[in-house]
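Line by line, the protein sequences are chains A and B. So for the first sequence, the numbering used here puts the first residue at 520; every next one is plus one. So for the second sequence, the numbering used here puts the first residue at 81; every next one is plus one.
Honestly, I wouldn't trust all of these hints.
Pairs of lysine-lysine residues, derived as DSS-like cross-links and limited to a Cα-Cα distance of at most 27 Å, are as follows [unchecked claim]:
id : chain 1 : residue 1 : chain 2 : residue 2
1  : A       : K1117     : A       : K1090
2  : B       : K122      : A       : K997
3  : B       : K398      : A       : K817
4  : B       : K122      : A       : K1007
5  : A       : K817      : A       : K727
None of these hints come from the bench; they were simulated from the model.
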Amino acid sequence: MEEKVVNPGKPDLGAPSLPLAPAHALRMTGDAHDGIVMLSHLFALAAGSRGYHLYSVPEYPAEIRSHANTLAGVYTSSLAFAPYHEPIDDRTSFLLAMNPAGLKLHESSLEKDGILLANSDSFGPDELACAGYLENPLAGKNQLFHRTISVPMAQLTNHAINLARAGEKGALLSYREVDRCRNLFALGMLLWYYSIPIDPVLRWLKQKFSINPSILDASQKAFKAGFIYSETANVFPQVPAYHPVESLSKKGRICRMISGNDASLLALKHVALKTNRPVLLASTSRPPSHEISSLAAKNTGDGFSFILADDEHAAASIAIGVSYGGGLGCTAVSGIGFPHQSEVVSLASAAELPLLLLEYQRAGISTGLPQRVAQSDLGMALMGRNGEAPLVVLAPDSPSDCFALTLLAAKVAMRFLAPVCILHDLLNSRASESWLIPEPESLPDFEFPHFASDSSSGPYECDDHLARPWITPGTPGKEHRLGGNERKLNSPQVSFLPLDHLAMNRHRAARMQRIAEFLGPLPVSGDNDAQILLLGWGGTKNVLEAATALARKNGISVAFAHLRFLNPLPKNMQMVLNSYPKVIVAELNSGRLFALLKEKFEFNGISFTRQDGLNFVISQVEQAIVQFARGESS
Amino acid sequence: MITHNQPNDFASVQEVRWCPGCGDFAILAQIKKMLADVPLLKEEQVFLSGIGCASRMPNYLSTYGFRGLHGGAVSAGMGLKLAQPNLTVWIVLGDGEGFGAATQHLLHACRRNVDIKVLFINNEIRGLSRGQESATTRPGTLTATCPEGSSDNPWHPCALALAAGATFVARSLDVDVDHLGTILQRASAHKGFAFVEILQNCKVYNDLVFDNLATQHDRPEHLIYLEHGKPMVYGAQNRQGIKFENASVALVQPNHAASTAPAIHDEACESPFAAQMLATLENPDFPECIGVFRAVTRSCHHESFNRGTNTPNPETPKLDLEGPDSFPVE
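Chain A on its own, in the form it takes in the complex:
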């Protein structure tokens, strides 16, 4: 039976619905062997189980193995107790520095009254020199921050583990094994400061190290020691603890931290299970799409598989071969790999085959800055093909939205037999946030009438969605040829006649309109009679939303809308743009969406952009809103 799609846009899958709390940014930084990734992961797990909504962004060094304690080797993880994360260079409330290089790199971000918690054992002359400090910044006349808490974490960890074990039988741990537990000591201190229960971490450690009792014991001791030390040594005496807002609606429900990449993969696996068709992701090693590749390789099975292709053209071609065979061919691509796939997208459009492109935008042209944020490929996604080859372009608005939007993209690709591109950015793909795990029955199904192989229609006879039947090789009696040549409407017959070409161009354009109807309208939040509409797309949503709330608090009447569907644009786009006297289009590029809208629609607006490889800052966006409202910019 044909399903009725009422609002396929965004089902309630546990996306953040908290009232915006004041953001509180915690940053953990240190060297490769400081265990920052694990520390951040466990902190999020513990805080999440308390019901806090967290947003987390990791930063890795570009070098694989840098020299110890150098600036080039710093790992950082930033967490925000709010569903958004401001750029790391702008504001940090709490900085944990496990070594001088981490501090050096992030000292400018710490608020004047922020807390610096440092592992003083790593601030010896050599480490300080590596980081470029002439004097110790933790104490004395060169102390950088008046709220500096300097703790010899390595020594205390060593004492906690080895003194407690004195006289015990069994193999002693090596110095290195003991030393590596110092991140858990730091974690214990952080949890004490934020009044977060330690049980989830203890459970995790027990599960993780169950096969190695010595390590488990040492880990637990170090972790508890950090927690207890904070209290007994009165480490944070004068500092009022930050108390984030708990979400009552989450009580009793199952939650997890989910990155955009995790969410995308879960969605693809769901499609494989629901459709009983193979779903294959083919990609290359080009960053940052290489991250989902590594993740996908570890999560194959139940109809989902992954292959590392040898170049982008091969990846997309493998994907289209899978789709031709009746599965969903997907490809992950980044940066200058995207143009390599342009002709495959064009072929998918001509042959009417589903193709799902997970495109990971990165900053810069050419090789550029693969580790920095930008919404750099909108132009390529919208226009980067020969001829009039339409590509459906969607963009998730948060890490967890990658789940809902990937499901939707797969649905469009398979329902309309069309290529679909999901424009990711690092704010979504790499970042993580708390996610209420949806009930299985709330997930969309994938039953379509044109899946049936016994269709009486020919291979190109369209249904009311302007989609052809998906007849795949292996079906007896339905043998046909298809490909990239132009053809007659509703027929596989190749045709180079002008009128046939015109009819096919119109057919493809009309199908995009059907897809626009399928996707639904653009929702707008905020004041109905607002003077200004703030419009964005992609992973900037939560910052823009917060800026809107701030502006409203400061007396500006402003509405907010965030596009998840960029091609085709929502049917109500014109109406939305014309409903407000002024429109600000905010994006992390030179104003691509703004230019597109200006070309298509009449409206009074300005383009607000950022192009330095970082996300927007709430206060700056709010300033732009205020200025535009007052007529100070045009």
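Got chain A sorted already, so can you dock chain B onto it with the hints?
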């Protein structure tokens, strides 16, 4: 089940449009004959191609066909085979495309032993682009883009496929229809990557390039028909032969002396080295070889891939959304 046992059962309704005298006509005829002869279902035969004269082949066959991108057919075939391992996937490439846009895909498919059959139709010229040189054009050939004669060294297709790890490598001739038919059947039966170079005459842009092999009369003087387990001899009454000597090939005139004994062809040899030497032999210094250079058995890509590409396991239909790190909100 519909049975198809006549070559014409595999002809599409599309009018065949190659230049009169094109070697592709003979190749098409042998493909249809092979399809009628092999015990496989018509709906499970799929022909993929890209762009070029030879790439029109799928349009003229009534099997499933996909004519996609210049250079994209090999990888698309790989994807198709992963989605539906039961299909027999044929790829038709000309030398312009095969050793142009498709080269990288082709070489990786060789090493991965993707279970596809590549028909590499080699006329040493790019026909569809009006006579431009390809990577197999021999030096001195006058082409649209080398009016003074091509000066680049060409590739030997079979040698390259062997070097890349292809498990089945063979060569045949458009005009030697019986031999071509046999080789196509062998390719069809091979489990794994099959590479068949078909020397084909382009009447318009590179006519007579294989003139030395064109007639039945001349062929024995210039050709060795490779047969597994048989001595590699040629010429009238097989009076000449070849042997391997000091990591190269030497001509011999067999008599009863052991030193003149021709080498025995071993297509199942694990090392592709001897086959590579055979694949590079050229007239006039040496005889050229047609037949199966190499046929060895390896596990196929889709078999070793086997990581859930096929249909989901019905015993575990539930998606694990929680993962190892979920937590109840307390």
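For each hint, the structure was consulted:
1. Simply put, K1117/A and K1090/A have alpha-carbon atoms about 16 Å apart, close enough for the 27 Å limit, and the pair holds.
2. Proximity of K122/B to K997/A is assessed by CA-CA distance (about 10 Å); at most 27 Å being required, the pair is judged to hold.
3. Restraint check for K398/B and K817/A: the C-alpha separation of about 18 Å stays at or below 27 Å, so the hint holds.
4. A distance of roughly 25 Å separates the Cα atoms of K122/B and K1007/A; the hinted pair therefore holds under the 27 Å criterion.
5. The suggested pairing of K817/A with K727/A holds, with an alpha-carbon distance near 18 Å, which does not exceed 27 Å.
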